[in-house]
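K.L.:
Below are the chains, spelled out letter by letter.
There are 2 protein chains.
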Amino acid sequence: MKKIVECVPNFSEGRDKDKIEAIAGAFRGKEGVKLLDYSADRDHNRMVVTAVGEPEALKAAVVEAIGVAVEVIDLRVHTGEHPRIGAADVVPFIPVRGVTMEEAVELSKDVAREVAQRYGLPVYLYERSASAPHRTNLADVRKGQFEGLADKMLTPEWKPDFGPDSPHPTAGAAVIGARMYLIAYNVNLNTDRLDIAKAIARRIRHSNGGLRYCKAMGVDLAEKGIAQVSMNLTDYTQTAIYQAQEMVRMEAARYGVTIAGGELIGLMPLGALVDTAAYYLGLEDFDESRILESHLME
Amino acid sequence: MKKIVECVPNFSEGRDKDKIEAIAGAFRGKEGVKLLDYSADRDHNRMVVTAVGEPEALKAAVVEAIGVAVEVIDLRVHTGEHPRIGAADVVPFIPVRGVTMEEAVELSKDVAREVAQRYGLPVYLYERSASAPHRTNLADVRKGQFEGLADKMLTPEWKPDFGPDSPHPTAGAAVIGARMYLIAYNVNLNTDRLDIAKAIARRIRHSNGGLRYCKAMGVDLAEKGIAQVSMNLTDYTQTAIYQAQEMVRMEAARYGVTIAGGELIGLMPLGALVDTAAYYLGLEDFDESRILESHLME
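Protein chains in written order, with this note's numbering: chain A, 1 to 298; chain B, 1 to 298.
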């Protein structure tokens with residue numbers, strides 16, 4: 001089985017078409033790498049690339065893309081609504097297929113080491129790759145943004161994991177690490193009462209005692225005239241989609257509310273689908289290898 | 001997206017290891033073809049190969065394998081429990097990915113034409129490729145077996161679709177065609193009463209007024225102490241797995257019986273899994289393209 005990793009790097013350029021294409025171009029025409037999607041936002045002045053590939057091939061493409069970003073983006077003149085600390089702002093690696101989290105962590109460290117060395121870029125490791133608990137959350141690492149980076153780096157807590165002890169003059173710093181695949185999954189309720197959606201969200205999410213890898217909030221879908229429980233499942237191998245749905249159903253029942261349907265934002269890995277189907281069909285000994293197409297991807 | 005077809009040819013050799021390997025070998029080391037499985041049965045004196053691949057590449061491998069079978073198998077001295085009409089007894093093509101049934105039918109006819117010409121083999125088209133209703137079912141085409149073939153071929157109803165009007169002296173005839181992917185899916189009941197499993201099977205199967213693409217029978221799983229509804233779903237794109245399960249649940253309820261679990265025999269296509277998950281999660285606009293891995297197979 002071919003090993004597959006996903007990378008969803010965010011770059012601080014959402015306006016200049018030539019620069020956007022130059023960065024995305026690093027993921028094109030590379031054996032073993034597939035550019036799934038890229039999109040740029042003018043207001044955020046930021047672009048997000050989604051690429052998958054075999055670890056070594058993907059690593060090379062990401063290193064190249066970061067090099068292009070360092071070359072073409074100048075944070076000193078960068079404005080936009082989205083917080084950012086550098087040109088290659090955040091670079092998460094996500095294990096997809098035949099790859100352990102440990103391998104994804106190693107891959108992220110290899111990339112961090114290489115871009116620090118090659119481009120003189122300070123790099124912070126975050127999420128599962130973090131070298132200390134206070135560096136786990138992106139928001140903490142990015143706090144103060146590019147403008148506050150030079151001062152922040154003077155403190156020992158924010159000495160970078162790789163690279164120089166001061167910001168790259170135009171490209172700031174990069175935040176690189178490995179994390180689990182995040183599934184954005186929403187459940188629509190047969191009610192327009194936002195308070196009910198919020199109450200359900202509080203019951204099912206980790207922060208209030210609910211499912212460990214579930215973040216949730218109540219959302220008012222005014223146009224549709226319904227309320228929604230909007231969720232991020234941050235580790236679908238531990239907290240499955242069907243658990244999230246059934247927990248919503250269970251909590252909704254106390255208000256006499258039923259589920260109107262579900263909604264997946266973006267993509268989900270085959271493993272998440274397999275789990276869910278296995279639960280509802282009561283299948284034992286069922287895994288990805290029972291899906292015909294999984295044998296076409298070796 | 002790469003087009004993928006499956007072929008599950010049955011050859012009349014299940015004892016001679018060299019011959020078995022020679023036939024299976026036609027599917028090895030071919031660009032665009034993947035040998036998923038092959039197994040031989042001594043009692044049946046028969047082997048079944050499961051291969052997938054791009055249409056043209058798979059076609060070439062199948063033609064080659066039939067050639068090997070014609071060369072190494074002699075039906076005049078063949079004994080076994082399984083009915084058979086020829087060395088390459090039955091050769092079904094199944095659309096898997098990006099391929100219509102019409103294309104699979106054309107592919108089966110191409111193979112039929114080529115093996116008839118190249119090996120002097122009479123070929124009957126069956127299932128979706130059949131040239132007349134009485135040739136649709138394999139059992140009808142194979143009736144009389146190799147031993148009765150010469151007489152059968154004297155009647156105009158059994159003039160072959162391709163090749164000579166009399167049997168190949170040692171290889172008989174071949175039955176080739178296209179059919180849908182068949183999902184073998186069983187539902188275990190929380191009862192040991194075979195009569196209940198049989199009654200449920202009668203209600204849900206097509207032959208008695210049930211689901212159009214569902215064959216079903218009641219089975220006694222004596223070792224497990226339970227009864228089972230054993231099903232073949234002959235077109236999962238029309239009759240979905242979740243429909244079959246929910247119909248079993250509905251019928252079981254009248255006997256106060258619940259479902260103990262499900263069982264998938266062999267593999268199922270991703271599309272069947274997507275259908276089932278979409279139903280239970282109430283997802284709209286959900287298809288294979290929402291599965292990350294489906295983008296790795298282009």
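By construction, these hints were calculated from the structure, which means they are not laboratory data.
Nothing here was measured: the structure is a model prediction, and the numbers come from that model.
Note that the Cβ used here is the ideal one computed from N, Cα and C, for glycine as well.
Careful: at least some of the hints might be erroneous.
[Unchecked claim] Now the stretches of chain A that chain B is said to cover, found in silico as 3 or more residues with beta-carbon under 8 Å:
no., region
1, 139-145
2, 212-224
[As the list claims (entries may be wrong)] Anything over 10 Å on all C-beta distances counts as not near chain A; from chain B, calculated:
no., residue
3, 18
4, 154
5, 290
6, 294
K.L.:
Which of the listed hints are not met by the structure?
P.N.:
1, 2, 5, 6
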